[in-house]
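K.L.:
The primary structure of each chain is shown beneath.
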Amino acid sequence: EVQLVESGGGLVQPGGSLRLSCAASGFTFSDHYMDWVRQAPGKGLEWVGRTRNKANSYTTEYAASVKGRFTISRDDSKNSLYLQMNSLKTEDTAVYYCARMSSGWTYYFDYWGQGTLVTVSS
Amino acid sequence: QTVVTQEPSFSVSPGGTVTLTCGLSSGSVSTSYYPSWYQQTPGQAPRTLIYSTNTRSSGVPDRFSGSILGNKAALTITGAQADDESDYYCVLYMGSVVFGGGTKLTVL
Chain P
6 EVQLVESGGG LVQPGGSLRL SCAASGFTFS DHYMDWVRQA PGKGLEWVGR TRNKANSYTT
66 EYAASVKGRF TISRDDSKNS LYLQMNSLKT EDTAVYYCAR MSSGWTYYFD YWGQGTLVTV
126 SS
Chain B
24 QTVVTQEPSF SVSPGGTVTL TCGLSSGSVS TSYYPSWYQQ TPGQAPRTLI YSTNTRSSGV
84 PDRFSGSILG NKAALTITGA QADDESDYYC VLYMGSVVFG GGTKLTVL
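Protein sequences appear in the order of chains P and B.
With the first sequence counted from 1, adding 5 to any position gets you the numbering used here.
With the second sequence counted from 1, adding 23 to any position gets you the numbering used here.
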């Protein structure tokens with residue numbers, strides 16, 4: 006059974022940093038692109054960014070709203086995905102989901118974690 | 024910047040049929056954008072319903088269907104049930120992933 010479990014959320018002050026983790030199991034993690042998606046309170050889903058797999062050189066891409074502040078990484082040996090968030094702003098307050106991108110040329114999220122809440126407030 | 028558009032809200036009677044759409048602020052949606060649809064109830068993670076325009080994800084009832092209608096992607100729910108009351112999001116792949124703003128569906 007595919008499982009994605011996020012952790013690391015919490016309360017942080019504006020300008021601070023936080024690192025989220027996503028533990029994956031039940032599939033060959035190294036084969037898949039992995040994404041982060043967030044949802045601010047009462048708002049819609051927003052794509053944050055992606056890390057591609059080893060075959061695609063672990064390249065990353067980010068939404069304009071987080072580029073230069075957030076860094077996505079992965080450790081295939083630990084089946085884990087990470088989101089390093091720096092220079093946090095109040096508008097980064099959201100539930101952060103990790104999501105698995107489907108394999109093949111279908112470009113959709115086939116599995117989601119349950120999310121972890123990040124609150125940026127003084 | 025191209026925006027993915029969805030109806031903010033929609034209502035349907037139990038047993039009725041409703042079609043939610045997913046468009047672009049500029050241009051037409053085609054299968055080349057690999058439209059996908061997700062259902063989300065409050066406090067829960069999204070659930071994948073439809074991918075590649077019209078393929079149902081595993082376990083999704085066949086009363087959910089996807090298509091291209093005119094210049095938009097569409098999600099049709101036939102025989103709506105009370106537990107279909109949720110938020111529905113479309114996603115288009117345009118080199119990167121873009122979410123629509125979501126549609127809040129009320130069943131009453």
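You may find that some hints are simply not true.
Said to hold, decoys possible - For each label pair, taking beta carbons as the anchor points, the in silico distance ranges come out as:
1. P:ALA60 / B:LEU131: 21 to 31 Å
2. P:GLU6 / B:PRO84: 17 to 27 Å
3. P:LYS59 / B:SER34: 39 to 49 Å
4. B:GLY66 / P:THR111: 27 to 37 Å
5. B:GLY39 / P:ALA69: 23 to 33 Å
6. P:LYS59 / B:PRO84: 17 to 27 Å
Unchecked claim - DMTMM-like mimics (lysine to aspartate or glutamate), calculated; alpha carbons at most 25 Å apart, straight line:
7. B:LYS95 / P:GLU51
8. P:LYS48 / B:ASP85
9. B:LYS95 / P:GLU96
10. B:LYS127 / P:GLU96
11. P:LYS48 / B:GLU108
12. B:LYS127 / P:ASP115
13. P:LYS48 / P:ASP80
14. P:LYS59 / P:GLU96
15. P:LYS72 / P:GLU96
16. P:LYS48 / B:ASP106
17. P:LYS48 / B:ASP107
18. B:LYS127 / B:ASP107
19. P:LYS48 / P:ASP115
20. B:LYS127 / B:GLU108
21. B:LYS95 / B:ASP85
22. B:LYS127 / B:ASP106
23. P:LYS48 / P:GLU96
24. P:LYS72 / P:GLU51
25. B:LYS127 / P:GLU51
26. B:LYS95 / B:GLU30
As the list claims (entries may be wrong) - Computed, partial: chain P to chain B, Cβ under 8 Å:
27. TYR38
28. ASP40
29. GLU51
30. TRP52
31. SER107
32. SER108
33. TYR112
34. PHE114
35. TRP117
36. GLY118
37. GLY120
To be clear, the hints were calculated from the coordinates, so they are not data collected in a lab.
Note that the structure is a prediction, hence the values are computed from the model and not measured.
Each residue gets a CB set at the ideal place from its N, CA and C atoms; glycine is no exception.
K.L.:
Each hint: holds or not?
P.N.:
Going through the hints against the structure:
1. P:ALA60 / B:LEU131: 21 to 31 Å: violated (49 Å)
2. P:GLU6 / B:PRO84: 17 to 27 Å: Taking Cβ atoms as reference, GLU6 (chain P) and PRO84 (chain B) lie about 21 Å apart, which means the hint holds.
3. P:LYS59 / B:SER34: 39 to 49 Å: holds (47 Å)
4. B:GLY66 / P:THR111: 27 to 37 Å: Once the Cβ atoms are compared, 28 Å apart, the range 27 to 37 Å for THR111 (chain P) and GLY66 (chain B) holds.
5. B:GLY39 / P:ALA69: 23 to 33 Å: violated (40 Å)
6. P:LYS59 / B:PRO84: 17 to 27 Å: violated (37 Å)
7. B:LYS95 / P:GLU51: At roughly 20 Å apart (the allowed maximum being 25 Å), GLU51 (chain P) and LYS95 (chain B) satisfy the hint.
8. P:LYS48 / B:ASP85: violated (29 Å)
9. B:LYS95 / P:GLU96: Answer violated: LYS95 (chain B) to GLU96 (chain P) is near 31 Å, above 25 Å.
10. B:LYS127 / P:GLU96: Given pair LYS127 (chain B), GLU96 (chain P) holds - Cα atoms ~23 Å apart, limit 25 Å.
11. P:LYS48 / B:GLU108: This hinted pair holds, its Cα atoms lying about 17 Å apart.
12. B:LYS127 / P:ASP115: This hinted pair holds, its Cα atoms lying about 22 Å apart.
13. P:LYS48 / P:ASP80: violated (31 Å)
14. P:LYS59 / P:GLU96: Judged against 25 Å, a Cα distance of about 32 Å means the pair is violated.
15. P:LYS72 / P:GLU96: holds (14 Å)
16. P:LYS48 / B:ASP106: Distance ~21 Å between LYS48 (chain P) and ASP106 (chain B) Cα, so the pair holds.
17. P:LYS48 / B:ASP107: The given pair, whose Cα atoms are some 19 Å apart, holds under the 25 Å limit.
18. B:LYS127 / B:ASP107: Measuring from Cα to Cα gives roughly 10 Å; hence the hint holds.
19. P:LYS48 / P:ASP115: Answer holds: LYS48 (chain P) to ASP115 (chain P) is near 22 Å, not above 25 Å.
20. B:LYS127 / B:GLU108: Given pair LYS127 (chain B), GLU108 (chain B) holds - Cα atoms ~8 Å apart, limit 25 Å.
21. B:LYS95 / B:ASP85: holds (21 Å)
22. B:LYS127 / B:ASP106: holds (13 Å)
23. P:LYS48 / P:GLU96: holds (11 Å)
24. P:LYS72 / P:GLU51: Roughly 14 Å between the alpha carbons, so the hint for LYS72 (chain P) and GLU51 (chain P) holds.
25. B:LYS127 / P:GLU51: Within the cut-off at roughly 16 Å; holds.
26. B:LYS95 / B:GLU30: holds (12 Å)
27. TYR38: Check failed: Cβ of TYR38 (chain P) comes no nearer than 10 Å to chain B, outside 8 Å.
28. ASP40: holds (7 Å)
29. GLU51: holds (6 Å)
30. TRP52: holds (4 Å)
31. SER107: Since chain B brings a Cβ to about 7 Å from SER107 (chain P), closer than 8 Å, the hint holds.
32. SER108: Interface hint status for SER108 (chain P): violated (12 Å vs cutoff 8 Å).
33. TYR112: holds (4 Å)
34. PHE114: With Cβ-Cβ at 6 Å, under 8 Å, it holds.
35. TRP117: holds (4 Å)
36. GLY118: holds (7 Å)
37. GLY120: Holds. Min distance 6 Å.
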